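Colleague: Sequence:
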Amino acid sequence: MPQYRVGQEVRYKPVGGPASHTSESVGVIREVITESGNLTNRNVEASRQNPRYEIENMHTHKKSAIKEENIIDRRELSPIELCYARGPKGPPTYDRSGYELDYHKIAGSRRRGARPGPKAYMDMLDREARESERKPKSCAVQNATCNRQLR
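Residue numbers (full-length UniProt numbering): 1 to 151.
Calculated from the structure, these hints are not laboratory results.
Since the structure is predicted, the reported quantities are computational estimates derived from the model, not experimental observations.
Hints may be right or wrong, so weigh each one.
Derived DEER-like restraints, expressed as beta-carbon distance ranges [said to hold, decoys possible]:
#: 1; residue 1: Lys-89; residue 2: Gln-3; range: 53 to 61 angstroms
#: 2; residue 1: Gln-49; residue 2: Leu-77; range: 37 to 45 angstroms
#: 3; residue 1: Gly-37; residue 2: Val-15; range: 40 to 48 angstroms
#: 4; residue 1: Glu-128; residue 2: Thr-22; range: 18 to 26 angstroms
#: 5; residue 1: Pro-91; residue 2: Asp-126; range: 38 to 46 angstroms
#: 6; residue 1: Lys-89; residue 2: Glu-35; range: 48 to 56 angstroms
#: 7; residue 1: Glu-45; residue 2: Pro-91; range: 16 to 24 angstroms
#: 8; residue 1: Gly-37; residue 2: Glu-100; range: 38 to 46 angstroms
#: 9; residue 1: His-61; residue 2: Arg-130; range: 20 to 28 angstroms
#: 10; residue 1: Asn-43; residue 2: Arg-5; range: 18 to 26 angstroms
#: 11; residue 1: Gly-7; residue 2: Ser-132; range: 31 to 39 angstroms
#: 12; residue 1: Glu-128; residue 2: Asn-50; range: 43 to 51 angstroms
#: 13; residue 1: Arg-127; residue 2: Thr-40; range: 17 to 25 angstroms
Cβ coordinates follow ideal geometry from the N, Cα and C atoms, glycine included.
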């Protein structure tokens, strides 16, 4: 029986097996195969006792057929990584404070090469919240307040 299911984020070793000294990768399971067949344009052998997983690498977005023994464990994503993995059309992602994360800001920072950590992103959200509190919402709604500020 397959231990993992479609949509789970996992850490795995794509080369050499779980005991090798090669680097780990992180990916999302896109398909589970329990019978021999075609996966990632290659014929792979699989069974219910030894399933194969089509895993999409989170960094390169390439798909590979991985044996269950090469999967190290499930991976819990930070809210920022989860928002990036879901993409611009994915469901909304919220941080621990309840703020909705903006995919385009996260993707823009990743393109520039500087990856914000969770603390850096939270600081940015706090700074934006403080700035939005300082600005008056609109003069039409808060006419008396705006008039006092102009005098």
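Colleague: Hint by hint, note whether the structure agrees.
Modeller: These are the hints, each one checked on the structure:
1. Checked against the hint of 53 to 61 angstroms, the pair Lys-89 and Gln-3 fails, with Cβ atoms roughly 30 angstroms apart.
2. Distance hint check: the CB atoms of Gln-49 and Leu-77 are about 29 angstroms apart, inconsistent with the given range 37 to 45 angstroms.
3. The hinted range of 40 to 48 angstroms is not satisfied by Gly-37 and Val-15, whose Cβ atoms lie roughly 23 angstroms apart.
4. Glu-128 and Thr-22 have their C-beta atoms about 41 angstroms apart, which leaves the hinted 18 to 26 angstroms range violated.
5. For Pro-91 and Asp-126, the hinted distance range of 38 to 46 angstroms is not satisfied, since their beta carbons lie about 24 angstroms from each other.
6. Between Lys-89 and Glu-35 the C-beta distance comes to about 32 angstroms, which lies outside the given range of 48 to 56 angstroms.
7. Hint check: Glu-45 to Pro-91, Cβ distance near 36 angstroms, so the stated range 16 to 24 angstroms is violated.
8. Separated by about 40 angstroms at the C-beta atoms, Gly-37 and Glu-100 satisfy the suggested range of 38 to 46 angstroms.
9. Separated by about 36 angstroms at the C-beta atoms, His-61 and Arg-130 break the suggested range of 20 to 28 angstroms.
10. At about 23 angstroms, the beta-carbon gap between Asn-43 and Arg-5 stays in the expected band of 18 to 26 angstroms.
11. Roughly 35 angstroms separates the CB atoms of Gly-7 and Ser-132, a value that falls within the hinted 31 to 39 angstroms.
12. The hinted range of 43 to 51 angstroms is satisfied by Glu-128 and Asn-50, whose Cβ atoms lie roughly 50 angstroms apart.
13. A hinted range of 17 to 25 angstroms for the beta carbons of Arg-127 and Thr-40 is inconsistent with their spacing of about 43 angstroms.
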